[in-house]
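Number of protein chains: 2
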Amino acid sequence: MFEEKVKEFEPIFYPRSIAVVGASTKLKVGSVWVWALISGGFPGPIYPVGSGGGKIGDLEIFPRLRDIPGEIDYVIVAIPRRSVLELLDDCAAKNVKAVQFFTAGFSETGTSHGYKLEKQMLEKARRAGIRIIGPNCIGTYCPEHGIPSLLGRIGKSGTVGFLSQSGGIATKLIEVGIARHINYSKGVSFGNGIDLDASDFLQYLAADTKTRAIGAYLEGTRDGTRLFNTMKGVTRAKPLVVWKGGRTEVGARAALSHTGSLASSAAVWSAMLKQAGAIEVSGLEELTDTLLILQRLDRWPGMNAAVIGGLADGGGGISVSAGDAFAESGVNLPPLSAETEEGLSKLLGEVGSILRNPVDVSQAQPRGVPTLFRAIELVAADAAIDIVLIQEDVEILLPIYSPTGLEEINRFVIELAGRQDKPVMVILPPGSAEQERLQLEQRFLAASIPVFASPERAAKAISNAGRYFCRDGA
Amino acid sequence: MFEEKVKEFEPIFYPRSIAVVGASTKLKVGSVWVWALISGGFPGPIYPVGSGGGKIGDLEIFPRLRDIPGEIDYVIVAIPRRSVLELLDDCAAKNVKAVQFFTAGFSETGTSHGYKLEKQMLEKARRAGIRIIGPNCIGTYCPEHGIPSLLGRIGKSGTVGFLSQSGGIATKLIEVGIARHINYSKGVSFGNGIDLDASDFLQYLAADTKTRAIGAYLEGTRDGTRLFNTMKGVTRAKPLVVWKGGRTEVGARAALSHTGSLASSAAVWSAMLKQAGAIEVSGLEELTDTLLILQRLDRWPGMNAAVIGGLADGGGGISVSAGDAFAESGVNLPPLSAETEEGLSKLLGEVGSILRNPVDVSQAQPRGVPTLFRAIELVAADAAIDIVLIQEDVEILLPIYSPTGLEEINRFVIELAGRQDKPVMVILPPGSAEQERLQLEQRFLAASIPVFASPERAAKAISNAGRYFCRDGA
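These protein sequence lines map, in sequence, to chains U and H.
Reminder that position 94 of the first sequence reads as 94 in our numbering, one-by-one numbering, no gaps.
Start counting at 1 in the second sequence, then tack on 1000, and there's your number in our numbering.
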């Protein structure tokens, strides 16, 4: 599906050369872009363009785009809006394939001048066979091809594709991705989207073999029917998670002046997303939590989870609250099999311990870590269980097990996750040992173990991911 | 209201002396408690009791409670359940005022033996005029009086009181409190609550002049009518935030084996809490977020908030999503006054900037920090605004403003919060600069500025706090 998009979008995500218009030896957005491409390791020629002359690093700044000797696939534009039409003529003369406009001041201002300018840009581009990304956007991100974020940041190349109508949200997606090891195949922020819009990028990401799951931040669309049909096609191929901005009147008002999007009612969007088979989420946390799970799971194992808590004392309340969180998100915590319950009873005794699911293993602690490991193994081996979640309250475990004991536990969890077919995930709630918690989070994430800050967030993310795989007809 | 409780509970939260039964020179829970009291700086005599003899630090271990020469107000018990009745006789002989049982294995096991033992304990205690905290609990926390958590941790003394049926949740409340500067007057985990239960502690905290707001984690109650009437009385005096554990079948099953609580349906509890004027929350994050606000606001300023975002570029999407988050939580983001809008227009121009509420001040960045500060001042001074929220995306601000520029911004925010009557709060979303973000969070919190990790959490907490102050008849 949408296979023709792969070739069409090659100059956008894999350009052989990039020109940056609006560069200078001073600190301007255009110059920042040149530095970002250099530091990102973009493999082709980078051509800074700006009237001031001089050099950026080793790169000569060309006075005009027409002065560049070589071929140019892709142009990034950060000049005032009054010059964009002339620039498009230059692009046409140089046979440029695609132009990304950082330049703002178009339909998002609500002025007729802004709308008119957009129309003229589009006409010029269409005539010359140029595709436009933006305006009012920060454009593409493709770690595999050395295209970093505007901040010059570049994460590991992975399997998640994203699109965002907002540059700020795109930047946050990249930053949170780096922090939480959500690795992107590619992504794009397309702002006002006057030419290429959500539907186009969705079709490309659906066809892109490097992308296994897609996340989207959308504020509105000019063609709802096309977007709906596109999403229906996309979700037949891979999971699509959509965060709709501007669901409320206040949010919609902001969206209008942000990307010129007329947001429809939240209910209409929700119904549309549901019918299209997309997973709707309502914020950055939920979007990234869900992508964290989707990037790791080719096949979905099922919705039956076990939560193991109380690795130190006081697991009772943690079990109760985890039970509520999972049940309220619609994730099944089935009873353990009779054999597992019997095995746990033998290991832990009965007093003060909850041998149900959520499993409170606090009685293991006085018996030592081998008993704890055996208890976790028993639960993980239960045929009724598809997903294993382990809650660690670091600041409580540290004084009770000592750093050495906690290190043993963490090595065990990583080792268990490595040899298990079932996904193992960790809940690491904040507390008063934030340094240790953050370090541990990084270790688990590096070992491909999804980490969540609360049972509520873990439950919601699992429920979201499961909704895709458990659709009717899936 | 409930003033008689102040005197009655004095031996519980301000005991003159404490004995710990179940102490030994080995690492046992009782010994941990003795060490915790020593390190917490408990001001009165601490008497370890245990059959093995020896010393803990400088403290002699007494073979039996009866051997202690001085008077004993409070006894902490960590011995097997078979010995608790005999111990209560010893307590009666020594004229002890209150006994806290860590010991578990009672009604929470669901056995008739467990229920019977509880009944016998209660009879003995009543006859001797002894109050029981627990069993199956970790008891009291009172930083002002040197009573730390079981982990030996003690935060600053403050104005929030808490009660929890779960020891694990109580421990987490203390830990998150230390991490987020939520400072407690006192708190208690009362487990099975066979004598003193939620109603008793609520009445005490309502009467306690040191306590200005109360947080509670409850799983169930043996006397719903009394709890309801108590809560009605409490909320006339101060805000009460309740997290009900065991709202779902899975959670309720866990609650039964945790504290022996028969959880009623979530709907019944929600209706009861609402009628009693309590604020219902559904997890640890929401509870602590709400307490973070309530501890700082004696008088509630009103529900009209302004969100200022986009301190660096890309504030548009952040404004849209903040707008949605606040509107969905029922927090009003009113339009700014004409004067403020005009002032912002003059300062920032119009292109690409959202001069509404949420306010996108990204156009200030190229003009320098004085312009940014002036823009924030304008919004904060608007008469339509009661609460000022500033969103900082640290990992984006750092490269754009440099550490020096960001430092200037943060000093300005702290200074603004200090001289403003209106509360100033900060949204600090996670990203790829977690070290810097955590440091900054600590600085803001130390300056009494509430900090939240997302607009959604800030909005929810403000909405929760506002619900108390904006009740009918309040």
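Because the hints were derived from the structure by calculation, they are not lab data.
Just to be clear, a hint being listed does not mean it is correct.
As the list claims (entries may be wrong) - Think about it this way: if two alpha-carbon atoms lie no more than 25 Å apart in a straight line, the pair counts; the simulated SDA-like pairs of lysine to any residue are:
#1 H:Lys1156 <-> U:Lys55
#2 U:Lys156 <-> H:Ile1409
#3 H:Lys1028 <-> U:Lys55
#4 U:Lys346 <-> H:Thr1111
#5 U:Lys156 <-> H:Thr1404
#6 U:Lys346 <-> H:Thr1109
#7 H:Lys1156 <-> U:Thr371
#8 U:Lys26 <-> H:Glu1003
#9 H:Lys1005 <-> H:Lys1055
#10 U:Lys26 <-> H:Thr1111
#11 H:Lys1026 <-> U:Lys28
#12 U:Lys28 <-> H:Glu1407
#13 H:Lys1028 <-> U:Thr371
#14 H:Lys1028 <-> U:Lys156
#15 H:Lys1116 <-> U:Lys28
#16 H:Lys1055 <-> U:Ser402
#17 U:Lys28 <-> H:Lys1055
#18 U:Lys94 <-> U:Arg126
#19 H:Lys1028 <-> U:Gly349
#20 U:Lys26 <-> H:Arg1367
#21 H:Lys1028 <-> U:Lys28
#22 U:Lys55 <-> H:Lys1026
#23 U:Lys28 <-> H:Thr1404
#24 U:Lys28 <-> H:Phe1042
Taking the hints in turn, this is what the structure says about them:
no.	hint	in the structure
1	H:Lys1156 <-> U:Lys55	violated (56 Å)
2	U:Lys156 <-> H:Ile1409	violated (32 Å)
3	H:Lys1028 <-> U:Lys55	violated (70 Å)
4	U:Lys346 <-> H:Thr1111	holds (18 Å)
5	U:Lys156 <-> H:Thr1404	violated (29 Å)
6	U:Lys346 <-> H:Thr1109	holds (16 Å)
7	H:Lys1156 <-> U:Thr371	violated (37 Å)
8	U:Lys26 <-> H:Glu1003	violated (70 Å)
9	H:Lys1005 <-> H:Lys1055	violated (36 Å)
10	U:Lys26 <-> H:Thr1111	violated (78 Å)
11	H:Lys1026 <-> U:Lys28	violated (67 Å)
12	U:Lys28 <-> H:Glu1407	holds (22 Å)
13	H:Lys1028 <-> U:Thr371	holds (18 Å)
14	H:Lys1028 <-> U:Lys156	violated (47 Å)
15	H:Lys1116 <-> U:Lys28	violated (78 Å)
16	H:Lys1055 <-> U:Ser402	holds (23 Å)
17	U:Lys28 <-> H:Lys1055	violated (70 Å)
18	U:Lys94 <-> U:Arg126	holds (15 Å)
19	H:Lys1028 <-> U:Gly349	holds (18 Å)
20	U:Lys26 <-> H:Arg1367	holds (15 Å)
21	H:Lys1028 <-> U:Lys28	violated (64 Å)
22	U:Lys55 <-> H:Lys1026	violated (72 Å)
23	U:Lys28 <-> H:Thr1404	holds (19 Å)
24	U:Lys28 <-> H:Phe1042	violated (60 Å)
The earlier numbered hints that this structure contradicts are 1, 2, 3, 5, 7, 8, 9, 10, 11, 14, 15, 17, 21, 22 and 24.
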